[in-house]
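**Student:** Chain by chain, the residues run as shown.
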Amino acid sequence: MTTETRKPQESHQTLWDISVPGRSGVRLPESDVPVQPMPDAALLREELPLPELSELDVVRHFTRLSQKNFSIDTNFYPLGSCTMKYNPKINDMVASTPGFSGIHPLQPEETVQGALELMSNLQDMLQEITGMPASTLAPLAGAHGELSGVLMIRAFHEQNGNPERKVMLIPDSAHGTNPASASMAGFDVVTVPSDDQGNMDLKALEAVANDKLGGLMITLPSTLGLFDPGIVEVCEIVHEAGGLVYGDGANMNALLGRVKLNDLGFDVVHLNLHKTTSTPHGGGGPGAGPICVGDKLTPFMPSPVVERDSEGGVESFKLVSPPNTIGTLSAGHGNFGVLVRSYAYLRALGAGGIRQASGDAVLNANYLLKRLEHLYYLPYDRICMHEVVFSGRWQKAQGVKALDVSKRLIDYGVHPPTMYFPLIVEEALMIEPTETESKETLDAFVDVMIAIAQESGQTPEVLTEAPHNTPVGRLDEARASRQPDVRYRA
Amino acid sequence: MSEHPSDLRYTKEHEWVRIGDDGTATIGITFFAQDQLGDVVYLVLPKVGSSIEKDSKMGEVESVKSISDLFVPVSGEVLEINKDAIDHPERINEAPHDAGWLIKVKISNETELEQLMSSNEYDQAIAS
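As given, the protein sequences belong to chains A and B, one line each in that order.
Mind the numbering: the first sequence is residues 1 to 490 in this note's numbering, read in order.
Mind the numbering: the second sequence is residues 1001 to 1128 in this note's numbering, read in order.
Think of the hints as simulated: they come from the structure by calculation, not from any bench.
Every residue gets a Cβ at the ideal spot worked out from N, C-alpha and C, and that includes glycine.
Please note that the accuracy of each hint is not assured.
Stated by the list, open to error - Some chain A residues flagged as far from chain B (calculated, every beta-carbon gap over 10 Å): (1) P98; (2) Q197; (3) K260; (4) G265; (5) E311; (6) V320; (7) P323; (8) S330; (9) R347; (10) G352; (11) L403.
As the list claims (entries may be wrong) - Here's a subset of chain B near chain A, in silico, CB distances under 8 Å, partners left out: (12) S1066; (13) K1083; (14) I1086.
As the list claims (entries may be wrong) - Calculated cross-link-like contacts (lysine-lysine; reagent style PhoX-like; alpha-carbon spacing at most 25 Å): (15) K212(A) <-> K1057(B); (16) K1057(B) <-> K166(A); (17) K1012(B) <-> K396(A); (18) K1012(B) <-> K203(A); (19) K1012(B) <-> K401(A).
This is chain B alone, in the form it adopts within the complex:
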């Protein structure tokens, strides 16, 4: 059974994207990613209002094992960051696809969404 909800889109860098009713994208890291990382202890996220470009580095996630870069799944402007997750990085382990979201983005190029994977495709990618 997949831990990765079918209503989200995924990247090979283990980020997920949820498109809200208002068209904004919520971004986080996947269940698989947090499971590999182990307990997350520190987050570095981009500034609200900054422009981020697809595939560029947007921040870092530090766990008890390692520090990993976060990559931008879709270009746009950062509308909001999850302050609760910064103060309580354990949210990412507890609920990676919900309370552990990282940033909300106003998408600048909708066609980029087509390059993201479905949950099935993502599950296949991590199984190989």
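Bound conformation, chain A alone:
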């Protein structure tokens, strides 16, 4: 690995840099109507500096840009809490089938029975995985599922005559979306600390579990990548106080086919299909965050829910609204293309396959833990689940931050892990290898992390000035936030 800076080449140029006056990629036919002057008032602005280019200029420019894309299809992508597993191409093939890709959300139900059957089957599978008796595919993303879940908890308390139950407990290790969702649903957020093992502090939980309690939002395994052995007790404490338990399923990749969340005491859980069931994500979506729901909350589920009707020996499917529904979350029936991919994934793997997937995901994370724990500080020294959280505190003593380690990883062709999260770990580096990576890839990553640890001690400036091999070097993220200037001026 060299550290020389690559010179900006033509690939670095913008469309305006390669623009030539008068050049054009299309030839319009001569107008057969008289030219009409544009009234001045209709002009939004005087000049519009569009680049002038040939078709070949444009094709080369965008092809070059596309080759710069960094993705799971090109490189190792151990982004913690994001489950960047490989997205099997057969999922896309199935979703591209005209019967799925060509239908419209407003088509009459009788003309899309196959699509509804797929959704119904997917609901059944997610219920089997979580052990929950009901589900809806309506939420479009993880945080959307969270919002639906806490709105349902709110509706439950209001219907039971307990509108004063407005406190939502959230562990200090939680995803930031949890307090945001609870707050949007009208709850007051109270933080529950973790103990020195990274588990929920049960005494602290008991102290705040009172008659104002609406519920608890908890991620299992936690964002520290740890399975909380007190989880059943946690759910019991919340239930005894009259609250309900929301499970954030972001880390479900550790539990697939192993643990039924319903058995642990969860009342509602969302699943990130774009993480756990291998549909593409990154760059903002699209995702799917179906919720699986226990008996208490079933009447409040968002609409629609797909219902199977076997009357008269003929199966048919329809979209229904639960009796006390919190309402519709979006136009249409969720991100249908994502649901098809997810269904294809679960059918391809089967029950045994998903169980192996979670096992391998946990094995891979623990392999990295064992091979790197002598070089990177491990704040919670115990077996992890599908991801391992290191701290860069040993490197920080050498003048190197977690940010610098991450930037250097880019030079070695590895996507940086999640940094500075969870917030309760100093200089956090959260690494999630996923089950789809081979031992060879993991070993190559370990070699890179060993090299970076050595650089941190010997040549820290190589890290603090990284990345060196990218089209642009270290960006000034602070200035970008302080003085955002998002308009390009030719």
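Guided by the hints, dock chain B onto chain A, whose structure is given.
**Tutor:** This is chain B only, laid out in the frame that chain A set:
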């Protein structure tokens, strides 16, 4: 060597308080806090003239890493906020105990000052 001046008082939430000659309190976040946060990019401060109560949330500080709540170290009335720091949040990283101050407060309950930590106590608290 401590980065935390001995003439300031400190909270476990990483705020500092300086008592001026006129008895008003100047409040900011500590060197340790800004070091943990990284580059500060945005500040939310209470309004001038508002009453703030000890231990309640008075604002937010956003860095490239995270958003953290600011807590009131001593109750009182907000006399002034640091407009320069709002326009230039980098002041907090450059000089957390001086040019990077956040608000000035007319103290309503002097006995609250006794609950604050000395620089030695604060250094011990963050070392543990």
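**Student:** None of the hints should be skipped; say for each whether it holds.
**Tutor:** Against the structure, the hints come out as follows:
{"no.": "1", "hint": "P98", "in the structure": "holds, 46 Å"}
{"no.": "2", "hint": "Q197", "in the structure": "holds, 18 Å"}
{"no.": "3", "hint": "K260", "in the structure": "holds, 34 Å"}
{"no.": "4", "hint": "G265", "in the structure": "holds, 31 Å"}
{"no.": "5", "hint": "E311", "in the structure": "holds, 54 Å"}
{"no.": "6", "hint": "V320", "in the structure": "holds, 41 Å"}
{"no.": "7", "hint": "P323", "in the structure": "holds, 40 Å"}
{"no.": "8", "hint": "S330", "in the structure": "holds, 28 Å"}
{"no.": "9", "hint": "R347", "in the structure": "holds, 40 Å"}
{"no.": "10", "hint": "G352", "in the structure": "holds, 41 Å"}
{"no.": "11", "hint": "L403", "in the structure": "violated, 8 Å"}
{"no.": "12", "hint": "S1066", "in the structure": "holds, 6 Å"}
{"no.": "13", "hint": "K1083", "in the structure": "violated, 15 Å"}
{"no.": "14", "hint": "I1086", "in the structure": "violated, 11 Å"}
{"no.": "15", "hint": "K212(A) <-> K1057(B)", "in the structure": "holds, 21 Å"}
{"no.": "16", "hint": "K1057(B) <-> K166(A)", "in the structure": "holds, 19 Å"}
{"no.": "17", "hint": "K1012(B) <-> K396(A)", "in the structure": "holds, 23 Å"}
{"no.": "18", "hint": "K1012(B) <-> K203(A)", "in the structure": "holds, 22 Å"}
{"no.": "19", "hint": "K1012(B) <-> K401(A)", "in the structure": "holds, 24 Å"}
Comparing the model with each numbered hint stated earlier shows that hints 11, 13, 14 do not hold.
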